[in-house]
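If you're matching positions, the sequence shown starts at 1 in the UniProt record's numbering and goes up one per residue.
The set of hints was computed from the structure by calculation and includes no laboratory data. Remember, predicted model here, so these are calculated numbers, not experimental data. We put the beta carbon where it would ideally sit given N, CA and C, even for glycine. Mixed in with the good hints, there may be bad ones.
Here are the computed distance ranges between Cβ atoms for each label pair [to be verified]:
| # | residue 1 | residue 2 | range |
| --- | --- | --- | --- |
| 1 | Ser18 | Asp72 | 30 to 40 Å |
| 2 | Gly76 | Leu5 | 14 to 24 Å |
| 3 | Ala16 | Ala70 | 33 to 43 Å |
| 4 | Pro9 | Gly76 | 33 to 43 Å |
| 5 | Pro9 | Gly53 | 39 to 49 Å |
| 6 | Asp36 | Asp3 | 14 to 24 Å |
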Amino acid sequence: MADVLEHIPSFGDLRASSAQVSAFEGARSELAQAGDIPLEEIELGAVVRLDRGFPMIATAAGALLRAEHAVDFAKGKRGKRGGRSGSGRQATRARGGG
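Model the full assembly from the supplied sequences, consistent with the hints where possible.
Structural data, given as structure tokens:
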């Protein structure tokens, strides 16, 4: 059986625009100031396919991750900052592939 991940591009096969990199750096700085997420867990990535309806993300560090909605977002609950927890920044990640 062929490897299912064989035809998925790596992050190095893709190009992020300067606008995308700038937006990422701005969001990363904002999260760093809030102190909610360790900086080493925030890395630039790109959607390379859908995995059971969720985006599969390739990162610059070589990881292949599956992003899922946070439970509170999926259930429509409010986040700890008082707003809806669907800012796009809150997601659980599960490593995919080998």
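Okay, which hints does this one fail, numbers in order? 2, 3, 5, 6
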